[in-house]
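Q: One letter stands for each residue in the lines below.
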Amino acid sequence: MGRPVAIIGSGQTVHGKRFDVNYPELVNEAVEAVFKAVGVEPRDIDGVVFGTMPSMMEGVALTHFYFADVLRAVGKPILKTETCGSTGVSLAITGYYWVTSGMADLVLVVGSEKMNEGDSQATMTTVVDPFYQRYFIAGAPGIFSMQSQEWSVRFGIPEEKVRAAATRISIDHHNDAFNNPFAHIKQRLTEDQVNNARIITYPVRLWDVCPTSDGACAMLFASEKMAKKLAKKAAWVKGVGYSGEEYWFGDSDKVVWQSAIQAAQQAYDMAGIRNPRKELDVAEVYNPFTFQELLYYECFGFCEFGQACDLTLKGVFAREGELPCDPSGGTLCTNPIGATGLVRVAEAALQVTGQAGAHQIPGAKLALSHAMGGVDQYNGIMILGSEK
Amino acid sequence: MKDFKTLPNVIRLPHKYGAGPVVTKFYNGLREGKLLGNVCPKCRKTFVPARSLCPECLVKMDTWVEVSDQGVLVSWAYTDKEFFGSPVKPPFVTALIKLDGADCNFLHLIGGDLFELKKKLKKGLKVKAVWNMEKKGHMLDIKYFEPVA
Numbered sequence: 001m002g003r004p005v006a007i008i009g010s011g012q013t014v015h016g017k018r019f020d021v022n023y024p025e026l027v028n029e030a031v032e033a034v035f036k037a038v039g040v041e042p043r044d045i046d047g048v049v050f051g052t053m054p055s056m057m058e059g060v061a062l063t064h065f066y067f068a069d070v071l072r073a074v075g076k077p078i079l080k081t082e083t084c085g086s087t088g089v090s091l092a093i094t095g096y097y098w099v100t101s102g103m104a105d106l107v108l109v110v111g112s113e114k115m116n117e118g119d120s121q122a123t124m125t126t127v128v129d130p131f132y133q134r135y136f137i138a139g140a141p142g143i144f145s146m147q148s149q150e151w152s153v154r155f156g157i158p159e160e161k162v163r164a165a166a167t168r169i170s171i172d173h174h175n176d177a178f179n180n181p182f183a184h185i186k187q188r189l190t191e192d193q194v195n196n197a198r199i200i201t202y203p204v205r206l207w208d209v210c211p212t213s214d215g216a217c218a219m220l221f222a223s224e225k226m227a228k229k230l231a232k233k234a235a236w237v238k239g240v241g242y243s244g245e246e247y248w249f250g251d252s253d254k255v256v257w258q259s260a261i262q263a264a265q266q267a268y269d270m271a272g273i274r275n276p277r278k279e280l281d282v283a284e285v286y287n288p289f290t291f292q293e294l295l296y297y298e299c300f301g302f303c304e305f306g307q308a309c310d311l312t313l314k315g316v317f318a319r320e321g322e323l324p325c326d327p328s329g330g331t332l333c334t335n336p337i338g339a340t341g342l343v344r345v346a347e348a349a350l351q352v353t354g355q356a357g358a359h360q361i362p363g364a365k366l367a368l369s370h371a372m373g374g375v376d377q378y379n380g381i382m383i384l385g386s387e388k
Numbered sequence: 001m002k003d004f005k006t007l008p009n010v011i012r013l014p015h016k017y018g019a020g021p022v023v024t025k026f027y028n029g030l031r032e033g034k035l036l037g038n039v040c041p042k043c044r045k046t047f048v049p050a051r052s053l054c055p056e057c058l059v060k061m062d063t064w065v066e067v068s069d070q071g072v073l074v075s076w077a078y079t080d081k082e083f084f085g086s087p088v089k090p091p092f093v094t095a096l097i098k099l100d101g102a103d104c105n106f107l108h109l110i111g112g113d114l115f116e117l118k119k120k121l122k123k124g125l126k127v128k129a130v131w132n133m134e135k136k137g138h139m140l141d142i143k144y145f146e147p148v149a
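Quick note, the sequences are listed as chains V and S, same order. Each step along the first sequence adds one to the number in the working numbering, with nothing skipped, and position 181 is 181. Each step along the second sequence adds one to the number in the working numbering, with nothing skipped, and position 89 is 89.
One should not assume that every hint holds.
What the hints assert, rightly or not - Result set (EDC-like, lysine to aspartate or glutamate): computed pairs, CA atoms no more than 16 Å apart in a straight line:
| no. | chain 1 | residue 1 | chain 2 | residue 2 |
| --- | --- | --- | --- | --- |
| 1 | S | 42 | S | 69 |
| 2 | S | 2 | V | 20 |
| 3 | S | 128 | S | 100 |
| 4 | S | 34 | S | 116 |
| 5 | S | 122 | V | 150 |
| 6 | S | 122 | V | 159 |
| 7 | S | 123 | V | 20 |
To be clear, the hints were calculated from the coordinates, so they are not data collected in a lab.
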């Protein structure tokens with residue numbers, strides 16, 4: 001085992017349609033915020049970890065070079081980590097490795113996206129191999145609707161029940177977003193509005209899908225020595241897990257989903273968690289689609305396979321429930337993709353340090369954060385605690 | 001100041017993907033109206049489209065077999081939105097199809113009368129390939145799959 005690692009601060013931009021700033025200026029907002037929150041200077045950091053979606057979504061290749069100035073990276077080592085939708089959690093894990101290994105004491109970790117500038121779903125198709133599968137991938141919604149259908153057929157969950165649970169998740173999270181000052185889409189919704197919204201890819205409807213957001217998130221990962229020196233409050237990394245699958249969509253099982261199950265198990269083992277639903281106080285589950293959030297509850301062992309809809313309808317994962325999931329509104333309401341996973345980690349850190357404001361889960365001490373990337377190919381998890 | 005300028009730009013870059021021997025052989029099969037897979041010598045699973053390494057055993061697969069152009073529907077997604085640069089125009093139905101004789105799923109399209117299809121699409125539906133008259137050695141030599149009457 002390496003050295004203990006603490007997250008000593010985070011900075012987020014207000015996420016949304018951000019044509020009021022250019023891309024480097026957007027990244028600067030998040031970096032400035034975390035430096036100000038913690039009270040450190042660029043000279044204090046040992047290195048920078050940065051990531052986004054693939055260059056094709058950024059419009060500029062090698063963004064970590066383009067953003068060297070705003071990342072305060074001049075004269076420092078810089079690492080780029082890029083794993084599609086899971087980039088943010090990969091960034092956090094990269095920062096964690098750097099500090100836990102003893103090679104650095106203070107690392108700036110930043111993720112960003114300016115999705116409104118490009119064509120995100122066209123970019124997503126370029127993630128797919130050019131020979132066999134690219135022609136048929138209808139962006140992310142196509143992949144996720146196939147996955148959700150396989151899941152409901154496999155466990156014999158009636159279509160109406162899946163719809164009802166997805167609708168509950170959609171209404172709750174769009175409500176939750178009102179309590180999160182950084183969230184993009186804040187909307188009061190009725191069941192009718194969600195159930196009858198326009199179809200994106202059947203059975204996925206408009207309010208089941210995350211938005212196209214611009215935003216950035218910056219965090220500081222510190223050694224114990226540095227945390228004691230600098231931090232008023234620290235969230236400690238208790239467990240990390242990251243797991244991938246073979247490449248071809250159609251080869252592996254995306255329902256009893258090996259990478260999601262394994263990433264969670266690795267993180268639980270490291271954190272000493274046996275009963276996640278009981279032991280975790282809050283979870284920031286990556287939920288670009290309502291249906292996928294339900295599947296993650298099952299893959300992460302929050303409940304048995306086939307049970308997520310029933311428990312969701314009983315309110316187990318709601319704000320006041322046994323294990324509140326995505327009290328920030330989650331990815332469903334805010335999705336600057338390259339930052340999204342890091343926002344999950346930042347939200348988990350805010351929760352366990354009691355700084356989540358209006359969406360604070362009272363007394364939260366142990367939080368899970370998660371993101372997924374590629375064509376349903378990778379899952380990453382980081383568990384944070386209030387104690388070392 | 002509320003109106004901020006944007007700078008429109010389209011990045012277009014030519015690219016030639018070298019297909020290598022396995023994809024080339026699979027493409028040549030398509031040109032002859034055949035779906036070729038290869039078999040893992042270790043786990044004996046058949047993969048279609050053919051690929052160089054077994055994704056599970058990571059060994060070379062050099063035994064080739066022709067599989068049926070019929071199979072069953074595993075999952076599908078109806079898409080009504082056009083993506084920039086997409087060669088397939090919406091509306092279309094993307095589908096995972098388990099071809100008879102294959103041990104993995106094949107990603108392609110379900111086509112035909114989409115209004116009629118809507119009533120039929122479900123896991124287990126039997127489908128068969130509809131080939132284009134003119135074949136170029138390309139995934140779109142198969143126009144789409146349609147339900148077996």
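Q: Provide an ascending list of the numbers of those earlier hints which the structure does not satisfy.
A: When the structure is compared with the hints, numbers 1, 4, 7 turn out to be violated.
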